[in-house]
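Colleague: Starting from the given sequences, assemble the full structure and let the hints guide the process.
There are 4 protein chains.
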Amino acid sequence: MSLITTDSKGVFVIAVTPFNDDGSLDRASVDKMVDFYFDKGADGLTILGMMGEAPKLTQAESIEVTRLTLKRSADKPVVVGVSAPGLAAIGELTKAVMDLGAAGVMVAPPSSLRTDDQIIAYYRNVIDTVGTDVPVVLQDFPLSTSVQITSKTLLSILDAHPSIVMVKHEDWPGLQKITDLREAEAKGRRRVSILCGNAGIFLPEEMQRGADGAMTGFPYPEMMVDVCRLSNAGRYDDAQDIFDAYLPLMRYEQQPGLGLAVRKYVLAKRGAIATPAQRRPGAALGAIAVREVEKLIERQERKLEALK
Amino acid sequence: MSLITTDSKGVFVIAVTPFNDDGSLDRASVDKMVDFYFDKGADGLTILGMMGEAPKLTQAESIEVTRLTLKRSADKPVVVGVSAPGLAAIGELTKAVMDLGAAGVMVAPPSSLRTDDQIIAYYRNVIDTVGTDVPVVLQDFPLSTSVQITSKTLLSILDAHPSIVMVKHEDWPGLQKITDLREAEAKGRRRVSILCGNAGIFLPEEMQRGADGAMTGFPYPEMMVDVCRLSNAGRYDDAQDIFDAYLPLMRYEQQPGLGLAVRKYVLAKRGAIATPAQRRPGAALGAIAVREVEKLIERQERKLEALK
Amino acid sequence: MSLITTDSKGVFVIAVTPFNDDGSLDRASVDKMVDFYFDKGADGLTILGMMGEAPKLTQAESIEVTRLTLKRSADKPVVVGVSAPGLAAIGELTKAVMDLGAAGVMVAPPSSLRTDDQIIAYYRNVIDTVGTDVPVVLQDFPLSTSVQITSKTLLSILDAHPSIVMVKHEDWPGLQKITDLREAEAKGRRRVSILCGNAGIFLPEEMQRGADGAMTGFPYPEMMVDVCRLSNAGRYDDAQDIFDAYLPLMRYEQQPGLGLAVRKYVLAKRGAIATPAQRRPGAALGAIAVREVEKLIERQERKLEALK
Amino acid sequence: MSLITTDSKGVFVIAVTPFNDDGSLDRASVDKMVDFYFDKGADGLTILGMMGEAPKLTQAESIEVTRLTLKRSADKPVVVGVSAPGLAAIGELTKAVMDLGAAGVMVAPPSSLRTDDQIIAYYRNVIDTVGTDVPVVLQDFPLSTSVQITSKTLLSILDAHPSIVMVKHEDWPGLQKITDLREAEAKGRRRVSILCGNAGIFLPEEMQRGADGAMTGFPYPEMMVDVCRLSNAGRYDDAQDIFDAYLPLMRYEQQPGLGLAVRKYVLAKRGAIATPAQRRPGAALGAIAVREVEKLIERQERKLEALK
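Protein sequences, first through last, are from chains U, E, S and D. Numbered continuously in the working numbering, the first sequence closes out at residue 308. Numbered continuously in the working numbering, the second sequence closes out at residue 1308. Numbered continuously in the working numbering, the third sequence closes out at residue 2308. Numbered continuously in the working numbering, the fourth sequence closes out at residue 3308.
One thing to keep in mind: the hints can contain errors.
Unchecked claim - List time: in silico DSS-like cross-link candidates among lysine-lysine, alpha-carbon distance up to 30 Å:
no., chain 1, residue 1, chain 2, residue 2
1, D, 3187, U, 295
2, U, 177, S, 2152
3, E, 1295, S, 2308
4, S, 2295, E, 1009
5, U, 187, S, 2152
6, S, 2295, E, 1308
7, S, 2152, U, 152
8, D, 3295, U, 177
9, E, 1295, S, 2177
10, S, 2295, E, 1187
11, U, 32, U, 95
12, E, 1295, S, 2295
Derived from the structure by calculation, the hints contain no laboratory data.
Modeller: Printed below as a string of structure tokens:
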């Protein structure tokens, strides 16, 4: 039952939540999916994130998904998204999942926050609520939350709360923010683990600027694994070659709203889950889109073959 | 165990949720508060609304507040707010509170909705989720949700879903929307009950335009009761006289964010709850604001005395 | 040709822009309107604000409205709204109106700003653009701009730019911000003039908390004049009596979007402008709304009579 | 002096506006830049768009940039962006640029629009203002405007206004919208030209779904030219090969806010403009970002070489 720390590195895959076609939880697929992610080289998982359809689950279902995932993940770390409109719900879910053995919890700011002070106060309230012994991932994803956190504000929050051990970095543009955090660290501020989201679309640059890995759900986790591994070995050109081969599909998958349909389609195709079904409301992938995705996959395979 | 219908009328007070100073639920105050509202003439209550600090409660607490309120309200109707980011949570809470004897549930649209079709689809999903036998109140409150529902869109939704029996009207400006709904009804569209929110700030005009009453939490429910009663009797000038006496405080209470602190201060002062405490995060009423409120109350009492 | 300063006080009426029914500028009404405002006791005017339909004017028309207003205002100060999406347009219009004799310019932040640093940088760019010798009014109106400026951020901006001599205060809730600015001043920060907007709806409290007057366009400027005069004389109860008499109409006029139709209707009725016409797009006042306004005016006159 | 029509096709490059390092207009670079774009195969230009820093120009400058560009473009079509907060400004600039010989004007909706009816009314007002003889491009770019236009709403607008001859398509996700428009056309609705923006990031799929070309400013216009040409010839795989070679840089350039700095850096490097300077406020490209861009260009050239 490992906890994430400021030194956590590697690839934490943002897991989907498998559903049956009737919208019920597909419990059977959870094991298959967990195995798939770890077989492809994941170092950990993050469940119940935005792309995990978390808000569509009842609280009981959230806890069950956590229990099932943790059981199958054995000693690998699993972070659980606990973002909610209110602190009480965050506190309740955090306690439940940490008791079950989660490695930490992830919290994105509610979209009502505007000023720096509001953002700082929000995370103070979160830490007061979950307690200082629970490792927290701060999710910085303005495209989705519309909350803009400057590097300065982020550093203030990190200074105040040592239990925020990781940043899920997906500001856009956000490369400078990684540089700011690492330069601050070089000048004596404390270290924080930075795992990058944003569908992986800037992973080569992010790794070179000092990120510790990826936390995103692109349905070819081997892409993130390879890019991180090669980057850590200083083989930046090779990392970029791999990345480039996947980029056309990655770009297609990054479409807001539609992206999850692409992701689940590919995961089902690869056998990681039984069906691409999303719980309602969810955008379905039309016939033309399926053809587009299939063609991108075919081209991707050709390119990867050529790289061997 | 009465249900709300398209013919529901009168004053449904938006109840606060009483907390102790340490942020725990003040169960003992629930009875006092329920008695207070009905003593002042309320026809029903609405709990777990935005001003009921609903998002700050755990699900278990939400259900307990509902149980306590329903028990004390005897056969009076109690509507329960069930708005949530996801349909599953809405469905789960709806089932729980209807089983306990709620008169109906209230649902505001999530702030991500933009186009007419998105709003229409959302309420279709909500009705599919809660079932067509649960009376639903559609809360139309753009200032808070940022979702703008035109009269045309609202009428489409009402046409499609007979179980939406009531609109909590708090668009701003929104007087024309009441007129639109009533004109549509005169031309053969089905009737819907319209209870008005927005802190009561347009109640005299709303009643004259065809509203059926008020659903708001101004801490002098007797204001809403008197304005509705006098309006229904055609005594519009007397209604406006009463309204005008309360208006300076009503205006002060309508300040977003701060309003709940004013409301709870007055309710505590009037003995309806033990303390004005809000669960975190909540704006406290500073010393100057307390003086301002006290002065407004003092003037209000003088004016009401003069009206007798 | 007086300039506004940090000591400016009193009532600056937000002027409407008179149009003919065909949407062309009603040049003839400008003189009548200016005379009306000053006859009712205004100390100055503010033109080309949001309620002055400024974005509907061409640049040439903006300059002509300024020229006509300044000419008729003789030596009374006239502030000109110069908010625009870009700095170049702000700079160009500022130069033009200051050359014509304006007393200062007013700038609201563009709605894209989010973080404290973005807001601070914006006003630095504005001052760089207009030059440090032009007196600037910072308009703080989050309901319209969606930009939230904390007291701390506002004080940083005021510290950095002495030429920002005035704040048009219309945050909501915003009473604490006035207190914050005055407490900072008591502790040695420099003084700034605070004139209050928000349709005048909190004017009595604002004056008691240290505001210097009003900058809003309620079509009975004598209300603002009387409330300010009585407040300055320490006669707060008398000020509140006057305020209360106007409050029902003020509340009605504060409806976003619709408010300007109410304002122009009353101004036309009082002879200040020839017709309530707005340039397209503009909400018209329907027949029912006209009856509501007329009734509120009638009641208002009865109440004012009773106060004499 | 050609006008755009519903049959317009090809690549209209979104032109930047060249500035000197002191922020003044770099008139001399306009000719160079126009020549560059047409040398690379552009069929037309679009100036004064969002990426043309249009809001940073005074009206006089906007007209001068138009005049200079039109003069150098000879008989090639040049569309001019005329989006503005108010209709009068749109009308004034439209008249000026059409008199100078523009091929049409482009209008994006103001970010205050929410409901379908508001969007429809807005374009009715625009067409009333500019007149039905001016060809209009409707810019559909929700990521920037936050206005969401459904296919149904878009078709209503196109039905009502034949002078809207072109859609600048940059919804995200938006591929289905192209399909919707073309399916409607197949069923008898009138044709509209669809040129795609969004930094070109979906151009291969867009062309296959029936788009007529590209309208975006990626600083290698030859990419758009080749992808359009090959797609029109049915050589989709070749088109995608070209596209893929440019995609890593395209993705980097698509970063909101920062993208223009990348674009101008590359254009200056390629000799199309004298310097990458933006008028204030504008994000500069830091040293690390420059290295990242340079590396992407180097890799891009290697890949293009390999495709020959």
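Colleague: Are the hints correct? Go through all of them and say.
Modeller: For each hint, the structure was consulted:
A distance of roughly 28 Å separates the Cα atoms of residue 3187/D and residue 295/U; the hinted pair therefore holds under the 30 Å criterion. This hinted pair checks out: residue 177/U and residue 2152/S have alpha carbons roughly 24 Å apart, not beyond 30 Å. A distance of roughly 23 Å separates the Cα atoms of residue 1295/E and residue 2308/S; the hinted pair therefore holds under the 30 Å criterion. Distance check on the hinted pair: residue 2295/S and residue 1009/E sit about 26 Å apart at the alpha-carbon level, within 30 Å; holds.
Restraint check for residue 187/U and residue 2152/S: the C-alpha separation of about 27 Å stays at or below 30 Å, so the hint holds. Restraint check for residue 2295/S and residue 1308/E: the C-alpha separation of about 23 Å stays at or below 30 Å, so the hint holds. Using a Cα cut-off of 30 Å, the hinted pair residue 2152/S and residue 152/U holds, with the two alpha carbons roughly 16 Å apart. Our distance criterion of 30 Å between C-alpha atoms is met by residue 3295/D and residue 177/U, whose separation comes to about 20 Å.
At most 30 Å may separate the alpha-carbon atoms for a hinted pair to count; residue 1295/E and residue 2177/S meet this at roughly 20 Å. Taking the CA atoms of residue 2295/S and residue 1187/E, the gap is near 28 Å; set against the 30 Å cutoff, the hint holds. A C-alpha spacing of about 27 Å is found between residue 32/U and residue 95/U, which places the hinted pair at or below 30 Å, so the restraint holds. Restraint check for residue 1295/E and residue 2295/S: the C-alpha separation of about 28 Å stays at or below 30 Å, so the hint holds.
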